Each structure stands twice: as structure tokens, then as C-alpha cells.
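Participant: Sequences listed follow chains A, B and C, in order.
The letter at position 198 of the first sequence is residue 198 when you use my numbering, and the numbering goes up by one with no holes.
To convert, take the position in the second sequence, counting from 1, and add 1000; that gives my numbering.
To convert, take the position in the third sequence, counting from 1, and add 2000; that gives my numbering.
Certain hints may be false.
[Unchecked claim] Lysine to any residue pairs mimicking SDA-like chemistry, simulated, CA-CA at most 20 Å apart:
hint	chain 1	residue 1	chain 2	residue 2
1	A	Lys271	C	Phe2078
2	A	Lys298	C	Asp2055
3	A	Lys55	C	Glu2081
4	A	Lys196	B	Arg1083
5	A	Lys288	C	Pro2063
6	A	Lys271	C	Pro2063
7	A	Lys298	A	Lys385
8	A	Lys55	C	Pro2061
9	A	Lys270	C	Glu2081
10	A	Lys385	A	Gly307
11	A	Lys67	C	Pro2061
12	A	Lys67	C	Asp2238
13	A	Lys270	C	Pro2061
14	A	Lys271	B	Asp1156
15	A	Lys67	C	Pro2063
16	A	Lys108	B	Glu1069
17	A	Lys270	C	Asp2238
18	A	Lys271	C	Asp2238
19	A	Lys271	B	Glu1069
Derived from the structure by calculation, the hints contain no laboratory data.
These numbers come from a predicted model, not from an experiment.
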Amino acid sequence: MRRSHRRLASRLAAAVTLALGAAACGGGGSGAGPDGTVTLTVDTFSTFGYEELFKRYEASHPGVRIKHRNVVQLDEYLPRLEQWIAAGSGAGDVVALEEGILSKFLAKPDRFVNLLDHGAASLKDGFLDWKWKQALSQDGRYLVGLGTDIGGLAMCYRTDLFAKAGLPTDREKVGGLWPTWDAYIATGRRYADKVKDSRFVDGSVNLYNTILAQQASQTAGHTFFDPSGRLVAGANPAVRGAWDTTVRIQQNGLSAGLKSFEPSWGSGFKKASFATVACPSWMLGVIKENAGAEASGKWDVAPIPGGAGSRGGSFLAVPRQSRHAAEAAALVRFLTSAESQIVAFRARNNLPSSPRALDDPAVLSFRNGYFNDAPVGEIYAKGAKAIRPLYLGPDNNPVQQRFEDALLALEQSRLSPDAAWRKALADAEREAR
Amino acid sequence: MSVPADVRVRPRTARPSGPPGPRPRGSALTRLDVRLSPYLFVSPYFLLFLVFGLFPMGYTLWVALHDWELLGDQRFVGLENFRLVLTDPQFWNAVLNTLGMFVIATVPQLLFALVLANALDRRMRGRLVARLGVLAPMVTSIAAVAIVFGQLFSRDFGFVNWVLGWFGVDRLDWAAGRWSSWLAISAMVDWRWTGYNALIYLAAMQSIPRDLYEAAAIDGASRARRFWTITLPMLRPTIVFTAIVSTIGGFQLFTEPLLFGNGDMAGGSLRQFQTVTMYMFENAFRRFDYGYASAVSWMLFMLILVGSLLNFLWLRRVGGTR
Amino acid sequence: MTLPRTPGRPRRRRSGAVAAVWGAGPLTRITLVATVVLSLFPLYWMFVVATRTNDAVGSVPPPLTPGGELGRNLARLFGNEQARFTLGLANSAVAATTVTVSTLLFATLAGFAFAKLRFRGRGALLLVMLATMMVPVQMGVIPLYMLMAEIGWTGKLQAVIVPFLVTGFGVFMMRQYTTQAVPDELIEAARIDGCSTFRIYWSVVLPVLRPAMAVLGLFTFMQTWNEFIWPLAVLNPDNPTVQYSLNLLNGAYYTDYSLMFTGTLVATLPLLAVFLLFGRQIISGIMDGALKA
């Protein structure tokens, strides 16, 4: 039924094309040039830190040219990627998959090249065990992607604001202030007593997402959905626990009420509107970009309250629609190798998912000048192997957005905590329908 | 608001106004030319409309009758999607928002456009500059307007809150509240379109015979009275027309609220400024539920038809009591 | 209302009564000045921020005069690899020009046929066309997107051109204007001279339609240039239109207002220039009844 309609559509359109002699203009597709060089298009979001690696790869592979397309916002990148994958055209030869979208694509693995067919089987030991398994089908026969980074957790804070509040500024001592989230709240109250023109933490949205990832990976191993894909947001204690902690922080008047990745949040960095922000490793680059050169040396990195966890992290995959699957798979192998992960870490602090890279002195000894010369390699890499896997369901992103909305409405004093919780659960049901 | 479409509901003349009388008797070629040329001339429009207008519309209806997920399979479900839409609180919330913003954006806009047109109709120096000035916002893209207005209305560092601060008003979180977000979005819409509507009124005003006013003035009718008894009745068809165009545009409001919320399809934490079109897009390009989104888009079409009709009838009645 | 009318009203002696009727009182002047200021202020504010560093936004009181950073902001804008502004501008120029030329051609052709030629089914076709103008634009986006994906046009510039080569609005507007502005005798005379229908259109009708074409041309160009949703749905970040570039910039540098406002300025300036250049013709075109139904 559907077939015939599609054919009709193509014919009509083809007729129009012919009739109007439409010009063929440059598109996103990749192809082999006249001289036999292959152009590989790579789609990423946010910052992967690959600029240097692309140059190296082109230099060592004269027959390959790389075209890099980056979309900064994940919320904009994901729907676009889904469209490309579903439509069977438009996607690059190599695409970045954020962990939140992975289970959705794993349900349709045939949209991607099985990397096991391209010699990936031998690479298993090059990745943390759970990271490898995340992109592997249940029966172990289909590997959709290879891991790039993981989202090890820390807490970033502004030393100048801490000094103003009479709090210690040394990162060891700051970490000692808050072994637990309760202690973090107590510190926040001390801060709020002294400093009136800024808040202790940026906002509920970033905080909740971080605490949830941390608590869930330490307990059930899943968040809103259980591994069978069932919505369990109301029953999972980690979801409620993270919610309660966030609400307590907010009810204590510690939050600046800003939603992460919005203009006002970015301005907040510039104007020093808040003193701490939970920072997965990939967040360091975001903070630097937003806070700008004027804030250089003012931010520092301390351990996160509540222990190890991972939020975010990505994979590289080759869509089935690629016309250069073999070349693309080779590029993926290169970009996810331990050596490349080290380069990306040093460029953008994306924490490696390769155990060998995590042990490498080049990572462990790395300090970040912008963050007051903090030993970010040590801070993030040390806890990385203790991280336990976290399963995210197919509709993880929309459900997470509904929780963010509810927290935001609470923060805007539009809903009571109870009403916000009920709304989050009801809207989650709607998204999972 | 993307189409400044000048739509008349009824064609003014349904009869050909072509020249009567004998046609020159020419060769077969000439007869062919006379017979075929009209069809050739109108065919590009109809061909394009067929492929890019009618076909998508029909196809949308077809999709609406299915459970049609982007990455999934398609299953015929009859009117199920429409049943779900009609009982979906999020849909009705979007309808309420759309109607609300339509009213608070359009009514003041058209009223002020009338006043403005009346002012632009006066004799004075710099009239062309004034006419160009009020039309200038229209050439600014919605994306640019949204970026600029988004900054003007921002909570912490916005221009508007700064000005309100003079009067002792606390910083407003414009996007957080229903009314405040509606007001900010309406301001964007009105900024772009008031001048355009004013010029349409102005053009219509200029075809009102000037003597009518001068005679009325000599009879001692005040300026307000002249506006009320001469201008308004004469402008009635034009007002109906702009009201209907605004209805079509207002019901499709999309880009302003989308960008006002920084690209958030849900339109705020409580969906306080999500319009029907945004809801349609959320279902199509966020939830990838094409079947449901198509049903929403047909409901939108129905709403526009009903809205335009009501508008037409209401304005005709208001005019008729005079 | 469809009678041809001479522009401007007949001159008469400025008697006191007439001046009282048509003169502008102080209230009128204040209204006008305030409206023009409000209309232009956001554009001016755009310019001010684009000529300053990012600190301008958020400082109290906000600066109201231009600074000296425009050159540097422009360099940053065009040097930005994410937004591809140069390509965006070029793409928009190609798309808007193509759509404008084709709309003018097809709309005047069809408008002329509907207004002045006899043919079977004319009334019915005209009604169909009017009905099509009631269909909301967004309604077609989903199936149109599916269609584009099917024929492999996603990401390609023709996807934002071909569906818009002529609009019902354009045809209708030209039909109305042709009806009132082109005397039947002119066409009849040309026929007797043995002109073909196309020749009549080209040499007799088109020259008369110029004022309306100026208005339709500007509107079409403006609309294509400013189109936001459809390019965003169907194009890719590596082949954007200017509005898409603006969106990319917005997504990536949402805290860098001076860069974003420079982007909006560059995206708006070409239109403003066209508008100022043809402003007089456009206003007189509108006053001449180009937009009247």
C-alpha cells in the first residue's frame, strides 16, 4: 500500500524536476571525487575535540577527506539525526550517538553498519566493559557503535565567590565540605548567609540530571525506564531521591533558577550569578566557553558530593546509508582508539572510555589552566573505573525533558512540589505512550 | 504570520471581463494560440499546487488515519488519532494559548493600525518617511525579531525589565507566566505587522471620495464623528479582509513563541505558550508520531476555517447594525 | 474599488476648511513620531549591540550609542565555521532571487489569463485557486518533508525553491491588478495587429503591471529570505540559508549577544537596503491599489 504511494510521489516530483530543470546544488552527501579520494562526513554535537585528529588522519590517509558538521545543542542534533536515520538519507558517514538515544537505535540495529563485520571484535578490551556492552545488541551479535567518552562527575565552583562567603577555596578542602548532598546543602546555607547578590547553584535542571545519573548508577542501574523498556519513573527510588534532593536545595533558596544551556544560564556564568555547577567532564569546555576569558582561573574543580557516577557520554557509529562503510568504520576505529581518546581529552576534557587511556600518564597528569590549573585528569580519571553502568530507555530524552519542565515550573513558583511531581509523572506517561 | 496574503473570500467578478465583439479570423495557428495559451499560462501555478499543495494535504489526511511512527511501522487505525486529539488536554491547552494570543495580539493591532492609517492620511511633511518607517519592521525576519525581543524581555538583563524598574516594578520572568509570555509574544507580532495593516487601510482610505469629509466638516461634524460615520463604514470590506488574514496568520503562530522559548517545542515549563502549530511540530519532529501530528494539523485547518467564518459573520453583523 | 485611480488627490485651493480636515494635529504628530520610534528602536538596538563588545548587554544603564567593535564582530561572524554565514547569505540570495523571478513570471502570466482571456473553466479554476489560499502553510510541512526525503532533496537548496515558485497570493494579486490596470482596448488593438497571446502579455501587459510587480517582488523576496521553519526542517547545517545560519549561531553562541546581533544585522541589512532603495515605488504601489482585493 505504502509502496505505491511512495512511487507516485517520486514520479510526480521527478516530473516537476524535469519540467523545471531544477539546478542540482551542493548537498550533504558524500562521494568519491574524480581523483578517487573519498570524502567522509562526520556528524557530531557539542564539542568532541576532534579537530587535531581529523588533520592527522587526513595526513596519514591521502585518499580520505573529512567534512565535519557539528551542531552545538544536543536537543537540536538528536531529532535531526533521527530524521536522517529514519529517512535513510542525509546522515554523515560517521555519526555521534549520545547515550540517551542509543537504546532507541539499538531497537533498529540494521539502520547502522555492524561494526563487528569491520573488525571491531578484537577491540573489546579497549573499552570499559559496560561501555562496550551499551552499544551491543542483546544477543551480542550486533555492535552499533564504539565508545568515545564517559561523563565522569565533579563539582565546579568559583573560588572568588567562595572566598567572599568565607568558605575554603582549596579544592581538597572544598571537596571535604561536601562528602554527601546533605553536606552540600549545609555548605550552601553557609554561603547564602554571607553572599546575597548571587546564588549557590545554577539551577534545578542541571543539578537533577546529575544527581539522578549518579544515584541511579549506584542503585538500580536504570533511570526512568527499566531494561525491558517499561516506564518505572514513579517506582524507581533513585528518580524520587534525586528529585527530593533537588527540591530541598531549591526550597532552601540556593538555586539561581536557571535552565542549563539557555541564554540566561550562559549570561549567569558571565555575571557570576552562581557559585557552583555540577560538571560532568564534558561540561568543562561548556563552562569555559560561556564564562569567557575574563573568568579564567576563577573556576576550580572539586569532587562531587555523593560519590562516583557518569552522566552523558557518546559513541560513534556508521549509518547503513553510508556509501563508504569500510572507510567510515576505519575512521571510527581510529577516533575511538586509546591514543585518540587521549588527544580528545587533552583538547576538550572528554573523559576517555578506554581503560588504557584512563591509566595513561598523559591523562592522569593533565591539568586545566582555565580551571585554576586543576588536575582534572586525576579528578575525573581516578573514579572512572568505579563507575557502574546505567541503562537509559528509548524515550529517555523526552521523559527527562518533562521532569526538567516540572522542576522549572516549581522553581518559577508556578507549582507546589507535590503538584510538580505529579505533573512530571503524568507527562512522562504521555511521552512513553 | 508568514503570509501577507491578500485574500478575498468571494471573487469580485465571476464573469470574464474580456473584450466582446468579433475576433480577428486568423490562421489555424492563431486559433490554437487563443485556445491553448490561457491554459498554458495558468498551468505552472496549478501544477505546482497539485504537487506541493494538494498532494501533501491529501497525504496528511491519509497519514492521520494511521499509527505512523517514524522508525516504526504503519498501521491503519481509522479515526483513532482524531479521537485521541479531541480528548488530549495538551491539544486543548494549545488551542487556548493560540486563541488567547490571537485575541491579545490581533485586536489591538488592527485597532491601532486604523488609528495609524488615519494619522498617515494627514497632510504633513515627512509623510513618506513616516510611511516607510512604520513598514520597516516587516522586512525584519522573525528569527531576527525573536533574538532581539528575546533579549529585550529577558529576566535578568533585559531592556524592558530595566525600564519597568524605573517605575518600581520588580524584575518579571516574562517567559514563566501565561499572561506575561503572551504579552511578550504579542508584542513581537504587533511590532512586525501593525504598520503593514495600517498601509492597507491607508490605501483603502484614499479611495474614499474626499468630498464626503469636506462636506461633513462644513456641516460641523467633528473629526471623531467623521471617522466613525464615514471612514469606518467605507473601510468595512478591508477590515473584514485584514481580520481574516490575521485569523489565518494568528492561528498558525509558531516561530515567535518557538524562538521566545529558545527553541523549546513545548512552549514553556507548563506549556503556557505552546500554540497548536508548535504542538503539531512537537508530535511530528520530537515524538516522531506522524499520524498524530497529521491529525493535529487537520484540526488546525478546521479551526482556521471556523475562525475565519465566525470573523466574517461577526464583522458583517457589527457592520449591519449601522 | 477596482477603478483605475490617479495617484494623489486633485489639487485644490487650501481653504481653511480643507486644511482643518486634512491637516495634522499635535496628537497625530505625536502618535506618528512615537510609532516610528518604536518601529525603528529594535532595529537600532540591533545595530548598537552589533557595534559593541558583549558587555554592552546587561550593563545598567544599557548603552544607547554605537561602539567601535563592528569590524571585529563582522570578522568573527564571517570567520565562524559553525554558522557558515557566507554560504547562508549566498544560498538565500540564490533562493530568494529565483523564487522572486519565477513568481513574478508565473503570477503575471496566470493573472493575465484569469483577468483578460476567455477560456472554458475559468470561473471554476479561479474559485479553486481562491480556496487553496485558505490552506495553512504549515499543514504541508510534514508530508512535504516526507516527499523531499523520498526524492532525496533533503539538504539541497532546490527543496526551499521549487515548492514556492509561484503562490496563489501572487496570482490573485496580479489578477486583481491586471483587471483594473490594463484596458481591454489595448489588448484588442494588439490582437488586430496580429500579436500572439504571449507577445501581448510580454509587450503590452507586463509594462503596465510594473507598480504591482514591485510590491509583489519585494514581498516574495522578503518572504523567501526570511523563511525560517521550512529550511530548518529540510536543510542541513552544512548547507544553510541565512536564517538557518542565524539559528546555528544562536544555538552555539547564545551568550555572545554582540555576535548574534551582528548576525541579525547582516541578515537584515540586504532587505533593508532593497526596501530603502525601492521604498518610494513600493509605497506608491501599495497606494495605487496593488494590495487591494
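Participant: Given the proposed pairing of Lys196 (chain A) with Arg1083 (chain B), does the C-alpha separation stay at or below 20 Å?
Facilitator: violated, 53 Å
Participant: Is the straight-line distance between the alpha-carbon of Lys270 (chain A) and that of Glu2081 (chain C) 20 Å or less?
Facilitator: violated, 23 Å
Participant: Between Lys67 (chain A) and Pro2063 (chain C), does the CA-CA distance stay at or below 20 Å?
Facilitator: violated, 41 Å
Participant: Would you mind confirming whether the straight-line C-alpha gap from Lys288 (chain A) to Pro2063 (chain C) stays at or under 20 Å?
Facilitator: violated, 26 Å
Participant: Does Lys385 (chain A) sit within 20 Å of Lys298 (chain A), going by the straight-line distance between their CA atoms?
Facilitator: violated, 29 Å
Participant: Given the hint that Lys55 (chain A) pairs with Pro2061 (chain C), does the C-alpha gap stay at or below 20 Å?
Facilitator: violated, 47 Å
Participant: CA of Lys271 (chain A) to CA of Asp2238 (chain C), is that 20 Å or under?
Facilitator: violated, 33 Å
Participant: Do the alpha carbons of Lys67 (chain A) and Asp2238 (chain C) lie within 20 Å of each other, as the hint requires?
Facilitator: Holds: Lys67 (chain A) and Asp2238 (chain C) sit about 9 Å apart, inside 20 Å.
Participant: Hint check: Lys270 (chain A) vs Asp2238 (chain C), CA-CA at most 20 Å. Holds or violated?
Facilitator: violated, 30 Å
Participant: Would you check the hint for Lys270 (chain A) and Pro2061 (chain C), treating anything up to 20 Å between C-alpha atoms as holding?
Facilitator: Holds, because 17 Å separates the two Cα atoms, which is no more than 20 Å.
Participant: Quickly compare the C-alpha distance for Lys271 (chain A) and Asp1156 (chain B) to 20 Å and report which way the hint goes.
Facilitator: holds, 10 Å
Participant: Between Lys67 (chain A) and Pro2061 (chain C), does the CA-CA distance stay at or below 20 Å?
Facilitator: Given pair Lys67 (chain A), Pro2061 (chain C) is violated - Cα atoms ~45 Å apart, limit 20 Å.
The structure fails to meet hints 1, 4, 5, 7, 8, 9, 11, 15, 17, 18, 19 from the earlier list, while all remaining hints are met.
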